[in-house]
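Undergrad: Each chain, written out:
Protein chains: 2
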Amino acid sequence: MLENTGRTELSSLGEFGLIKHLTQFVEIKNESSLKGVGDDAAVIDNKDKLTVVSTDMLVEGIHFDLSYVPLKHLGYKAVNVNVSDIYAMNAIPKQITISIAVSNRFSVESVEELYSGMMLACHKHKVDIVGGDTTSSKSGLIISITVIGEAKAEELVYRNGAKEGDLLCVTGDLGAAYVGLQLLEREKQIFMESPGVQPDLEGNDYILERQLKPEARKDIPVLLEKLEVKPTAMIDISDGLASEILHLCTQSETGCNLYEEKIPIDPLTYTVAREFNLDPTVCALSGGEDYELLFTIDQSDFPKIKANPDITVIGHMTNKKDGINLITKGGSSTPLTAQGWDALLKKD
Amino acid sequence: MLENTGRTELSSLGEFGLIKHLTQFVEIKNESSLKGVGDDAAVIDNKDKLTVVSTDMLVEGIHFDLSYVPLKHLGYKAVNVNVSDIYAMNAIPKQITISIAVSNRFSVESVEELYSGMMLACHKHKVDIVGGDTTSSKSGLIISITVIGEAKAEELVYRNGAKEGDLLCVTGDLGAAYVGLQLLEREKQIFMESPGVQPDLEGNDYILERQLKPEARKDIPVLLEKLEVKPTAMIDISDGLASEILHLCTQSETGCNLYEEKIPIDPLTYTVAREFNLDPTVCALSGGEDYELLFTIDQSDFPKIKANPDITVIGHMTNKKDGINLITKGGSSTPLTAQGWDALLKKD
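Protein sequences appear in the order of chains A and B.
Going by my numbering, the residue at position 25 of the first sequence is 25; the numbering climbs one at a time, nothing skipped.
Going by my numbering, the residue at position 115 of the second sequence is 115; the numbering climbs one at a time, nothing skipped.
No lab work stands behind these hints: they were computed from the structure.
Treat each hint with caution, since some may be false.
One copy or any two copies: either way a pair holds, since identical chains are not told apart in the list.
Simulated crosslink set (DSBU-like; lysine-lysine; CA at most 35 Å straight-line) [to be verified]:
| id | residue 1 | residue 2 |
| --- | --- | --- |
| 1 | K138 | K213 |
| 2 | K188 | K230 |
| 3 | K124 | K321 |
| 4 | K188 | K49 |
| 5 | K138 | K321 |
| 6 | K152 | K126 |
| 7 | K138 | K226 |
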């Protein structure tokens, strides 16, 4: 089935490609496995309630750079990134397991710092740490987290329920975490070249916090319930708006029109992106790490959400054959692609 | 609470010490979190059935050496190590999430090899792969697995239920995986010194399989149900018999008398241990990686298990004040300690 026929570089598949490639032969056999690979979280049937499970691995040098990320923030973020996947199912996180591999470059105190950030986030999200593993690593720090949540069957929202005519909504604002990362990278470069120079991060608190201390949208499932709106599809924004829209459309078998002018971008994000010669729209589309929720609702639910300052309608779902398009501020339509960070960095 | 007051080396705490240290302030708040850190798996209440969750991380260079472990075997073992924790709760594994970090030293084919071993084990244990994460690593391979199982509340067996007078039982035989590792290490050394020499592993299939391809005891919860025996406490043997007995006694607040002559050791394990100048009893006590189940039963259940060739009574639980002792073949009593591998390797 999986035959060894030579050497294919991992880079030729990419992360999503590799997951898809590896899981192509995975079959679901247990009656209780309602949903497997392919959504924000897996879903397990316990008759009375459903269990929702999501897992994530963070690797030093790949997902974080300890030269500018304090360990406590890293721990806080690692938990938020994971619970965000549970909220994206319209479920409530309840338990978490935390596995950590550390080299002896780290002291007990530094692991405590990391753990204290994790505990702070768990406290905030009312999540119990119920297990985990700590082990040695030959190099660097690796964090692997699994979150378990619960929901009633009728509350759960998958990625595949959007239909033609649904409104595409997003919470909060986008692109700030990516612009915050640019600031941190710039200050790191300056520091490496002139170690005496103090970092100039003043006035940029908002975008730095969005990068270093993201807050998963715990409030949104509660708000939606209060507004009596059940999204038709939902996903959290970890890889960038464009990539997440493509996931929703692919899994729901719809097209989409996204309106550039509607994308919520904070004024500070806008200004600092411009300083870096970056297009703020591209930062929102491809920057990622916003951990906002992207969801679709039936048009008839529009009156219920329109007055809410935390939810913005940014487009609508179309027929699959009409494609997935960005309608620019100038009014032209261009196919939306998941450009990723490479495209961003190459921008002049 | 966790104050940063200097540098403490991780090695000063050890793995169990670090887990204990980090989790000392962890509180359980959700009603559904029945059992948190400290058993083979966490337990979550879903009213109708309980969900059991266990997680493990395996790091290249720490837990495995790819110079003599084929990737497919590694994948098979990684899954078995994890489902073993679920069986040790007398529960049935149902779902699994698999996260992998790989450096670009690995090809897609090699990751497929690893994954095919994982899928084979999942198939054998009727476990569904429902999620996971794949990511890059700067160096080496890291595997993090979370298994989710189920059980009825009345079926679940914890580590803390043993009482004075209970019989201490173990499945299968012990020490083989450790002796198998010595063989593999020796052949690796010979190969490194004389690359032309073919490895001499003939006739040692059993102990090599115990190291490379351990089988979690899927059959035992089923057998116990058939025999109408519910253990009072249970744990799986990953770190060695001595370490696991200490866990059972500490958590159950009992003492124990373990009889050296009763410890089941395969004749091949015995012979090869002697070749390496190792005491076979010490291999069983401290070698680990056997993935057999160690459990205690009420004395009244003895008739039900005594005829079973797969279960050996190796001792009995005593009052806490009598301590945890090994009764040697010579009849003397010596306190049992978790010596770990260092002690083994230093043996003359």
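Undergrad: How do K124 and K321 come out at 35 Å by Cα distance, when the copy is not named: within, between, both, or neither?
TA: neither (43 Å within a copy, 43 Å between copies)
Undergrad: Is it within, between, both or neither when you check K138 against K226 at 35 Å Cα-Cα?
TA: Neither way: K138 and K226 sit 49 Å apart in one copy and 45 Å across, limit 35 Å.
Undergrad: I want to check one pair: K188 and K49. Are their C-alpha atoms no more than 35 Å apart within a copy, between two copies, both, or neither?
TA: neither (48 Å within a copy, 51 Å between copies)
Undergrad: Could you figure out if K138 and K321 sit no more than 35 Å apart (CA to CA) within one copy, between two copies, both or neither?
TA: neither (50 Å within a copy, 42 Å between copies)
Undergrad: Checking K188 and K230: alpha-carbon separation at most 35 Å within a copy, between copies, both or neither?
TA: Neither: 44 Å inside a copy, 60 Å across copies.
Undergrad: At most 35 Å between alpha carbons: which applies to K152 and K126, within, between, both or neither?
TA: Both: 18 Å inside a chain and 26 Å across chains, each within 35 Å.
Undergrad: 35 Å Cα cut-off: does K138 pair with K213 within a copy, between copies, both or neither?
TA: For K138 and K213, both the intra-copy (28 Å) and inter-copy (24 Å) Cα distances are at most 35 Å.
Checked against the numbered hints above, the structure breaks hints 2, 3, 4, 5, 7 and satisfies the rest.
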